[in-house]
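Build out the structure end to end from the sequences listed, making use of the hints.
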Amino acid sequence: MTGAELAAIRKAAGLSQTELAGRVGIGRHAVSYWECKREVERGAWAVERMAQVLALPDAPVIVPLRISFVERQQHGTADQDAAVLAMLQAVEDQVKAIRANRRVRCGAKTRKGAACRMRSEPGKRRCKFHGGKSTGAKTAEGKARIAEAQCRRWARWRWERRQ
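Number 155 in the UniProt record's numbering belongs to position 155 of the sequence shown; there are no gaps in the numbering.
Note that these hints are calculated values from the structure, not bench results.
Even for Gly, the Cβ is constructed at its ideal location relative to N, Cα and C.
Some hints here could point you the wrong way.
[Said to hold, decoys possible] FRET-style restraints, in silico, Cβ to Cβ:
hint, residue 1, residue 2, range
1, Q94, G27, 29 to 39 Å
2, A97, G25, 39 to 49 Å
3, H29, E141, 51 to 61 Å
4, C36, E141, 37 to 47 Å
Structure representation (structure tokens):
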């Protein structure tokens with residue numbers, strides 16, 4: 001069900017957003033929020049409250065993907081088995097694509113000693129500041145500058161350890 005369908009059902013019942021919100025005990029902005037959604041989640045708390053007043057269509061029945069051997073013997077054919085396997089493969093491919101583009105917290109140690117809270121680059125584990133976009137030094141001068149900075153950093157670390 002879409003938000004536009006929810007709005008049409010509310011209007012068919014002759015209710016304004018404010019009246020519906022008052023009857024079910026939610027805010028008018030919650031009604032507006034759900035009416036603007038592309039897809040309405042039937043299990044959401046506010047939508048369940050609206051369903052007490054409005055005649056909302058039933059939620060679609062989710063068919064389990066895994067079918068037992070006995071059910072296949074009773075009802076299934078080879079074509080249905082192939083369709084189920086193709087559906088399972090499609091779901092696995094979607095999960096892999098989502099994981100490949102997932103953005104996690106970077107977690108690299110910052111200068112203040114805390115963990116970086118930036119999101120990583122898609123498919124990587126570090127943010128753009130801690131290795132997600134860095135390509136490193138390319139020229140001889142750049143490589144020398146990085147080597148000198150590392151020497152100074154380690155020298156400072158060793159000096160601080162002695163004290």
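Evaluation of the provided hints:
Remark: the range hint 29 to 39 Å for Q94 to G27 is upheld by a beta-carbon distance near 35 Å. A hinted range of 39 to 49 Å holds for the C-beta pair A97 and G25, which are about 40 Å apart. The supplied range of 51 to 61 Å is met by H29 and E141, whose beta-carbon atoms lie about 58 Å from each other. At roughly 55 Å, the beta-carbon separation of C36 and E141 lies outside the given 37 to 47 Å, and the hint is violated.
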